[in-house]
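Enquirer: These protein sequence lines map, in sequence, to chains A and B.
Start counting the first sequence at 298; every next residue gets the next number (the working numbering).
Start counting the second sequence at 422; every next residue gets the next number (the working numbering).
Check the hints yourself; a few may be wrong.
Unchecked claim - Below, in silico cross-link-like pairs of lysine-lysine (DSS-like), each with a Cα-Cα straight-line distance of 25 Å or less: (1) 534/B with 482/B; (2) 534/A with 679/B; (3) 542/A with 534/B; (4) 430/A with 389/A; (5) 515/B with 408/A; (6) 428/B with 573/B; (7) 534/A with 621/B; (8) 315/A with 355/A; (9) 534/A with 624/B; (10) 328/A with 451/A; (11) 515/B with 482/B; (12) 451/A with 355/A; (13) 621/B with 542/A; (14) 540/A with 679/B.
Stated by the list, open to error - Derived Cβ-Cβ restraints for the label pairs, each shown as a range: (15) 522/B with 373/A: 17 to 27 Å; (16) 493/B with 306/A: 52 to 62 Å; (17) 533/B with 593/A: 40 to 50 Å; (18) 315/A with 491/B: 51 to 61 Å.
These are computed hints drawn from the structure, not numbers from a lab.
Every residue gets a Cβ at the ideal spot worked out from N, C-alpha and C, and that includes glycine.
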Amino acid sequence: MLTIQEVGKQILSNNPAKFYVFIGPEYGIKKKYIEIMSNHYGSHAEYDSISDLFSFFKKKRIVPLKPTLYVVRYDSDFITSLNDKSEQKIEKMNILGTIVCLYETNSDSTKCAKYLPNHTVSIDPVNPAYIRKYLKSDFPTMDASLIANAVQMKPDYASAYSICAGLQYADRDIVDEYDYQSMATIFAANKTYTDMDFKMGLAARNFTYCVNALDSYEGSMDSLMYAILSTMIEIEKCISNPKTKSPFSQYARCWNIGDVYNMFMAVYSELILSRSMSSYNVYDGLIYLLSLMQTSPICSR
Amino acid sequence: MDFNNQKSALQSLKQWVDSGVHSMLISGSSGCGKTYLANQFAVMKHISDFVIIQPSVSDIKDTVDSCSILQSDVVLCIENLDLGVSAASYALLKFLEEPSQNVYIITTCRNIKQIPDTIISRTVNIDIPQMTSADLFEYAKSKDTAKADALKTDHILWNCVKSSRDIDSIFNLDSQKLEYISGLESTLFSNDTVSAILWKFQKFPDSTPVPTEIALRYIMTSNPDRRIFKVCYDCLSDIACGRIATHAAIAKFIFQVKYAL
Chain A
298 MLTIQEVGKQ ILSNNPAKFY VFIGPEYGIK KKYIEIMSNH YGSHAEYDSI SDLFSFFKKK
358 RIVPLKPTLY VVRYDSDFIT SLNDKSEQKI EKMNILGTIV CLYETNSDST KCAKYLPNHT
418 VSIDPVNPAY IRKYLKSDFP TMDASLIANA VQMKPDYASA YSICAGLQYA DRDIVDEYDY
478 QSMATIFAAN KTYTDMDFKM GLAARNFTYC VNALDSYEGS MDSLMYAILS TMIEIEKCIS
538 NPKTKSPFSQ YARCWNIGDV YNMFMAVYSE LILSRSMSSY NVYDGLIYLL SLMQTSPICS
598 R
Chain B
422 MDFNNQKSAL QSLKQWVDSG VHSMLISGSS GCGKTYLANQ FAVMKHISDF VIIQPSVSDI
482 KDTVDSCSIL QSDVVLCIEN LDLGVSAASY ALLKFLEEPS QNVYIITTCR NIKQIPDTII
542 SRTVNIDIPQ MTSADLFEYA KSKDTAKADA LKTDHILWNC VKSSRDIDSI FNLDSQKLEY
602 ISGLESTLFS NDTVSAILWK FQKFPDSTPV PTEIALRYIM TSNPDRRIFK VCYDCLSDIA
662 CGRIATHAAI AKFIFQVKYA L
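Could you build the full structure based on these sequences and the hints that come with them?
Expert: Given below as structure tokens:
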């Protein structure tokens, strides 16, 4: 496999290869390299599949093509079609410009590394030092300390870039008044959600808060299903006995017994489903369950 | 002790012992004698090392790896593989495809449908039916004749017994605890909250655990309402499948009785 340094050198020196496969979760770096190549060629085209693109190149033309950046995103058929002859086929293809295929998961990278080792690069979360270097070139007039803070708050390139993009338009005098903690609060970078935070958000029927808690939750997603069940049991207790001393008592008024019952049954059904299907996506299941509480009455299964 | 329900399984076992088979899957309901049968395999093969391991990926990998460097024969019994995560089944696959000469793996499961086809196709399968009423009475008498006779005369409690484990549980209960179990049905219809009822279903007043499945079967047998029977049955099925925490299944049962019937 290619290293990110080799690929970076090719792209940053305006000498990109004909075909790349970018794999990994660090979307910000991929986007950056795509923008550089797009500026280099002066044109950019998106295609749904590699096979469409190869058919496009095979067509005879009177007017020759201009070098262009071609981007194909998450074409799973291409991964399935990879074999020992794929690399040879790509080398022989008359590509004018550069083709970039984007993938995200490790399962795709194994096959690409095996059959396209000279074209595949894994773009994993980058060392913070490199992120600071990239951001310094993106925001040359920004103070290094602000860039360092942005990277500390969100140690992935895309999120740190967004913070810097916001900060660059802020008045420097005002920004200087904020210490790191205050800035982290503004950019929601210092909140890690616990089980209790999630349960309280659920009891309050605060969908937005619960989704934020879900996205920042570091524990097991499975345990959140049980957290919802236990919250419903607590709320039932608060409704049945208003004198109950519970952290959820203040939210009992947001619920009625019918909604508590239907929510409990919905979660239980999803839990059974999650245990029965290996392809069940727990995150999607939780989003569905959280969306139920936005209506009253909650529909029964 | 050999029971009627195990006779044909033991016959099958004897045939496979001499055939050189290294991996076996024994299926059957809880308490029917799967682990006992696995132990009998070791006895028939004159292997003294019989190790029971839990269906977790790390336990399976570590144990199989450490057994492969042993010189002597060993029988590993992986209990209830269907209750483990699917990764545990796939951790076992590597061994089943390339078995070590000195390691014999007996896997047990309650529900063979939860076992991947790749495991079933690579093992010899033996199914043990549930213990019969006569088997259960024989087992009870072997433990305590007087208690066995008393249990048999209590028709409702006798109908709650499905396995040797149930008999052990009931024999460990005194008359106060048995009375507590028979009173749980009225608790369901009280004004208590779900959490209070859930607590009562799980703990005796002295905080020792209630044999929940026996309690549910008691309610199922003694209450004439078919709706109660259905929710009890569903709860017991969910507990038996092993993929839902018991307290969650009981909470659902209580919610249904309180608010849906």
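Enquirer: The structure should be examined with respect to each hint, and the outcome stated for every one.
Expert: Quick rundown of the hints versus the structure:
| no. | hint | verdict |
| --- | --- | --- |
| 1 | 534/B with 482/B | holds, 23 Å |
| 2 | 534/A with 679/B | holds, 13 Å |
| 3 | 542/A with 534/B | violated, 45 Å |
| 4 | 430/A with 389/A | violated, 37 Å |
| 5 | 515/B with 408/A | holds, 21 Å |
| 6 | 428/B with 573/B | holds, 24 Å |
| 7 | 534/A with 621/B | holds, 15 Å |
| 8 | 315/A with 355/A | holds, 16 Å |
| 9 | 534/A with 624/B | holds, 19 Å |
| 10 | 328/A with 451/A | holds, 17 Å |
| 11 | 515/B with 482/B | holds, 10 Å |
| 12 | 451/A with 355/A | violated, 44 Å |
| 13 | 621/B with 542/A | holds, 20 Å |
| 14 | 540/A with 679/B | holds, 20 Å |
| 15 | 522/B with 373/A: 17 to 27 Å | violated, 42 Å |
| 16 | 493/B with 306/A: 52 to 62 Å | holds, 59 Å |
| 17 | 533/B with 593/A: 40 to 50 Å | holds, 44 Å |
| 18 | 315/A with 491/B: 51 to 61 Å | holds, 56 Å |
In summary, the numbered hints that this structure violates are 3, 4, 12 and 15.
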